[in-house]
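Peer 1: What follows is the residue order along each chain.
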Amino acid sequence: MALSLTRINLAPSSRALASGLPVSAVNHALKGIQAGGHGSGHAADEHGHNGPRKDAIPSWVARQSGSMHVSRAVPRSTGIYQPRYFSTSARSLRETTSIPDFTPYLAKSPNTNRSLQYFMVGSMGLLAASGAKSTVSDILSNMAASADVLALAKVEVEMSAIPEGKNLIVKWRGKPVFIRHRTADEIEEANKVDIKTLRDPQADDDRVQRPEWLVMLGVCTHLGCVPLGQAGDYGGWFCPCHGSHYDISGRIRRGPAPLNLEVPAYTFNDDEEKLVIG
Amino acid sequence: MNTPLEHPDPSKLPKLQLFYNTFVRRNSVFVSSIFLGAFAFSITFDLATTAFWERHNRGKLWKDIRDKYVKTGEEED
Numbered sequence: 001m002a003l004s005l006t007r008i009n010l011a012p013s014s015r016a017l018a019s020g021l022p023v024s025a026v027n028h029a030l031k032g033i034q035a036g037g038h039g040s041g042h043a044a045d046e047h048g049h050n051g052p053r054k055d056a057i058p059s060w061v062a063r064q065s066g067s068m069h070v071s072r073a074v075p076r077s078t079g080i081y082q083p084r085y086f087s088t089s090a091r092s093l094r095e096t097t098s099i100p101d102f103t104p105y106l107a108k109s110p111n112t113n114r115s116l117q118y119f120m121v122g123s124m125g126l127l128a129a130s131g132a133k134s135t136v137s138d139i140l141s142n143m144a145a146s147a148d149v150l151a152l153a154k155v156e157v158e159m160s161a162i163p164e165g166k167n168l169i170v171k172w173r174g175k176p177v178f179i180r181h182r183t184a185d186e187i188e189e190a191n192k193v194d195i196k197t198l199r200d201p202q203a204d205d206d207r208v209q210r211p212e213w214l215v216m217l218g219v220c221t222h223l224g225c226v227p228l229g230q231a232g233d234y235g236g237w238f239c240p241c242h243g244s245h246y247d248i249s250g251r252i253r254r255g256p257a258p259l260n261l262e263v264p265a266y267t268f269n270d271d272e273e274k275l276v277i278g
Numbered sequence: 001m002n003t004p005l006e007h008p009d010p011s012k013l014p015k016l017q018l019f020y021n022t023f024v025r026r027n028s029v030f031v032s033s034i035f036l037g038a039f040a041f042s043i044t045f046d047l048a049t050t051a052f053w054e055r056h057n058r059g060k061l062w063k064d065i066r067d068k069y070v071k072t073g074e075e076e077d
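So the sequence lines, in the order shown, correspond to chains A and B. Note that the UniProt record's numbering numbers the first sequence so that position 51 is 51, with each residue one more than the last. Note that the UniProt record's numbering numbers the second sequence so that position 55 is 55, with each residue one more than the last.
Note that these hints are calculated values from the structure, not bench results. For every residue, glycine included, the Cβ atom is placed at its ideal position computed from N, Cα and C. Treat the hints with caution; some may be incorrect.
[As the list claims (entries may be wrong)] Below, in silico cross-link-like pairs of lysine-lysine (BS3-like), each with a Cα-Cα straight-line distance of 25 Å or less: (1) 171/A <-> 274/A; (2) 15/B <-> 274/A; (3) 108/A <-> 68/B; (4) 274/A <-> 192/A; (5) 71/B <-> 108/A; (6) 60/B <-> 71/B; (7) 108/A <-> 196/A; (8) 154/A <-> 63/B; (9) 154/A <-> 71/B; (10) 171/A <-> 154/A; (11) 108/A <-> 175/A; (12) 171/A <-> 68/B; (13) 154/A <-> 133/A; (14) 192/A <-> 166/A; (15) 166/A <-> 154/A.
[To be verified] Stretch by stretch, here's where chain A covers chain B in the computed footprint (C-beta under 8 Å, at least three residues): (16) 16-23; (17) 48-60.
[As the list claims (entries may be wrong)] Just some of the chain A residues that point at chain B, by a computed CB distance under 7 Å: (18) 115; (19) 118; (20) 120; (21) 126; (22) 129.
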């Protein structure tokens with residue numbers, strides 16, 4: 001009896017069964033054959049107990065004829081070790097990562113971290129509040145009058161140009177402004193008045209910044225005429241329209257006007273000896 | 001819930017713990033100190049940046065060169 005031995009080499013696959021047969025998801029040809037000739041092998045018997053075991057060498061591998069012919073399916077070895085895919089071996093149980101010791105970095109007490117967190121929150125809040133305040137004030141100052149407009153709205157008067165006892169009338173924002181350099185007698189006279197008897201009680205000190213300089217809007221508080229200087233019964237101003245008399249401090253003494261002459265905002269610039277109205 | 005705030009030895013309190021005990025324990029103190037600090041910070045920041053600017057531009061500012069152009073006690077207008 002002649003014996004012929006044929007070897008079928010199967011391509012190496014990723015996984016080998018216990019019997020040594022390679023299994024692979026794509027090895028359909030082998031599956032179909034192993035399923036016992038039921039076709040493609042997708043049927044339920046693939047999972048069931050019908051048919052032959054899949055890991056058994058199928059019967060067609062070794063077939064007998066007149067001259068004995070034996071075929072063996074020999075899987076090619078995939079390496080020295082069979083790959084292992086489950087964590088059941090001692091090798092996979094070995095520790096693969098070493099975790100450093102973090103204890104030197106741990107906070108000594110939980111209060112430290114909490115205090116630091118509140119400190120950072122507070123610092124951020126401080127900066128944010130400061131920035132918000134600057135933003136708001138910048139926006140508001142953007143809406144205010146600009147510096148050139150403010151400069152035009154001011155009038156500068158040389159103080160040395162007005163001798164004692166003289167008036168000067170300047171135009172400021174479309175209105176006349178009276179400036180009087182008062183003498184000592186006039187200051188005394190203005191202070192002597194009993195303010196309780198006045199229609200609009202106001203002390204002379206409240207109307208001037210410096211007693212020798214009297215600055216007022218030259219608009220009669222009655223109907224808006226311009227009073228005349230150094231006229232009237234009280235040595236001050238007299239409105240010719242309806243006969244209002246103002247004294248040397250610009251206070252209403254007689255006539256229809258209800259209020260004293262208005263005092264605008266003004267400052268003294270001593271460096272340049274100027275009076276700045278506005 | 002709260003960890004004790006009292007330290008066994010108050011003289012050995014860390015600075016952060018001192019900060020916490022002083023400012024954070026009451027929310028009213030915390031918020032108002034933030035606002036006050038923002039106020040102080042903006043003033044100091046403004047002063048510092050202005051001082052730096054004037055130091056950086058010394059000799060070019062109007063207050064530095066004013067004497068060259070304006071003679072005091074002289075009629076200008």
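Peer 1: Each hint should be assessed against the structure and marked as holding or not.
Peer 2: Here is how each hint holds up against the structure:
1. With a CA separation close to 16 Å, the supplied pair residue 171/A and residue 274/A stays within the 25 Å bound.
2. With a CA separation close to 56 Å, the supplied pair residue 15/B and residue 274/A exceeds the 25 Å bound.
3. Annotation: proposed proximity of residue 108/A to residue 68/B is violated, straight-line Cα distance about 66 Å (limit 25 Å).
4. Simply put, residue 274/A and residue 192/A have alpha-carbon atoms about 29 Å apart, too far for the 25 Å limit, and the pair is violated.
5. For a cut-off of 25 Å, the pair hint linking residue 71/B to residue 108/A is broken: about 69 Å separates their Cα positions.
6. Our distance criterion of 25 Å between C-alpha atoms is met by residue 60/B and residue 71/B, whose separation comes to about 18 Å.
7. Between residue 108/A and residue 196/A the CA atoms are separated by roughly 77 Å; this puts the pair beyond 25 Å, and the hint is violated.
8. At most 25 Å may separate the alpha-carbon atoms for a hinted pair to count; residue 154/A and residue 63/B meet this at roughly 21 Å.
9. Under the criterion of a C-alpha separation no larger than 25 Å, the hint pairing residue 154/A with residue 71/B is consistent with the structure, at around 22 Å.
10. This hinted pair checks out: residue 171/A and residue 154/A have alpha carbons roughly 10 Å apart, not beyond 25 Å.
11. Of the supplied pair hints, the one linking residue 108/A and residue 175/A is violated, its CA atoms being roughly 75 Å apart against a limit of 25 Å.
12. Distance hint between residue 171/A and residue 68/B is unfulfilled; the C-alpha atoms sit about 32 Å from each other, more than 25 Å.
13. With a C-alpha separation of about 30 Å, the suggested pair residue 154/A and residue 133/A falls outside the 25 Å cut-off, and the hint is violated.
14. Restraint check for residue 192/A and residue 166/A: the C-alpha separation of about 21 Å stays at or below 25 Å, so the hint holds.
15. The straight-line distance between the Cα atoms of residue 166/A and residue 154/A is roughly 22 Å, inside the 25 Å bound, and the hint therefore holds.
16. With 5 residues carrying a beta carbon less than 8 Å from a beta carbon of chain A, the stretch 16-23 of chain B meets the three-residue requirement, and the given coverage holds.
17. Counting residues of the stretch 48-60 of chain B whose CB falls under 8 Å from any CB of chain A gives 0; the rule of at least 3 is not met.
18. Given the 7 Å rule on beta carbons, the hint for residue 115/A holds: about 4 Å separates it from the nearest Cβ of chain B.
19. Given hint, residue 118/A at the interface with chain B, holds; its Cβ is 5 Å from that chain's nearest Cβ, closer than 7 Å.
20. Because the closest C-beta pair between residue 120/A and chain B is about 11 Å apart, greater than 7 Å, the hint is violated.
21. Taking 7 Å as the C-beta cut-off, the interface hint given for residue 126/A holds, the closest approach to chain B being about 5 Å.
22. A least Cβ separation of about 4 Å between residue 129/A and chain B falls short of the 7 Å threshold, and the interface hint therefore holds.
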